[in-house]
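Based on the sequences and whatever the hints tell you, model everything.
Note that the protein sequences, when read in sequence, are chains A and B.
Each step along the first sequence adds one to the number in UniProt numbering, with nothing skipped, and position 38 is 38.
Each step along the second sequence adds one to the number in UniProt numbering, with nothing skipped, and position 78 is 78.
One thing to keep in mind: the hints can contain errors.
Sample of chain B residues lacking proximity to chain A, with all beta carbon distances greater than 10 Å (derived) [to be verified]:
id, residue
1, G112
2, A223
3, D271
Some chain B residues near chain A, calculated using beta-carbon distances under 8 Å [unchecked claim]:
id, residue
4, W20
5, P229
6, P230
7, F234
8, V235
9, E249
10, V259
11, P263
Note that these hints are calculated values from the structure, not bench results.
Since the model is a prediction, treat every value here as computed from it, not as a measurement.
The beta carbon of each residue, even a glycine, is placed where N, CA and C say it ideally should be.
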Amino acid sequence: MTRYVAAPAASLRLVPLDALTLAYHRPSGITHVLASPAPELLAALAAPADLATLLARLQTDYDLADADPAALAERLAELETAGLVLRA
Amino acid sequence: MRHAHHLRIGPVGFRIGSDWRAPIDAVADLYRDYPAPADGVADYTVRLFAARPWRRWMRPAITLGGDYLLPDAVPMPLAWGVLAAEMAMNLQLALGERRYLLLHASSVERDGRAVLMTGVSGAGKSTLAALLMTRGWRLMGDEFALLDPESGAVHAFPRLISLKNESVGVVQAAVPDARFGPLLTGTPKGDLRHLVPDARAIAMAAAPATPAVLLFPSFGYAAAERPVPPSEAFVRLTQASTNYTALGERGFDALTRLVQRVPARAIDYPDTATAVAQVEAAWAAA
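What follows is the structure, given as structure tokens:
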């Protein structure tokens, strides 16, 4: 099972603003504008997790009743492309 | 370069050189009250040179140059010398500046607190800044505001005010005795005329101010206002900055700090009198 982890905290500057969170990715120098659930996923991936574990964490932390594993996998793929989530 | 003029606009020193005397004389006249670069050293060199050697005499055409170049810049008629110099100065600053975060915005100041106005071309940045200058505000600049990442203060860049099309007549009517450059017709931006900032703007050009409010004006709509959330202000300002990417994390920190501390409003206006009242009210409420 693939395990994911958020990019190291030292590589990211996260600034939450109103509905969006700004993320400055130090290795690439790129600024990302993140909408929910991206900031929540980064927080939940502070420690490595596979998809099932991540889903369980999100259900506990955010009261998710109708979590969709396929959608979650898509969001993870986007964050991985951006370099904000890595394979653990 | 055969002919040259040195000047300082706010914290930025320029050396403008040219193959021809006429554009340098025109620039030197309009900028005659501006100081020389600090310590005599220019930050940027601007060159107005002939597109081909013979074009110094035959149908003279100006090509812009300097430390930074745009490969597709089109040569301009010699009569547009002041415009060529202004564009070349803007270009050097826009591409080369690393000390300050450059915001494509006009700004005016009162009591040490600045209003920053940014928007697309035609939104009225220059016109509003010029009119506010005639109403007791200190003009800080009509094109660029220089945000200091260390202090969060904004520095002035009061170059010649670039008035286009209808705003030429509007501002001439408001300040008929002010000094204007030649009327340039048929430029890529339409009819264009430069206005020399007033004596106070030039005398106080080295004085920074604290940003008090960010405004996003739009001309040609019924009067309306809405608060702009910090995230939207951030995205708009990254688009309005020419060197945000080049500044890296300093730029990110400067801009996030700005949008977190300073309220932002979008203002739609049908005429300049309405806009001036909106700016005054936004500044007073901030």
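Evaluated hints:
{"no.": "1", "hint": "G112", "in the structure": "holds (26 Å)"}
{"no.": "2", "hint": "A223", "in the structure": "holds (25 Å)"}
{"no.": "3", "hint": "D271", "in the structure": "holds (32 Å)"}
{"no.": "4", "hint": "W20", "in the structure": "violated (41 Å)"}
{"no.": "5", "hint": "P229", "in the structure": "holds (4 Å)"}
{"no.": "6", "hint": "P230", "in the structure": "holds (4 Å)"}
{"no.": "7", "hint": "F234", "in the structure": "holds (6 Å)"}
{"no.": "8", "hint": "V235", "in the structure": "holds (6 Å)"}
{"no.": "9", "hint": "E249", "in the structure": "holds (6 Å)"}
{"no.": "10", "hint": "V259", "in the structure": "holds (7 Å)"}
{"no.": "11", "hint": "P263", "in the structure": "violated (13 Å)"}
Checked against the numbered hints listed earlier, the structure breaks hints 4, 11; every other hint is satisfied.
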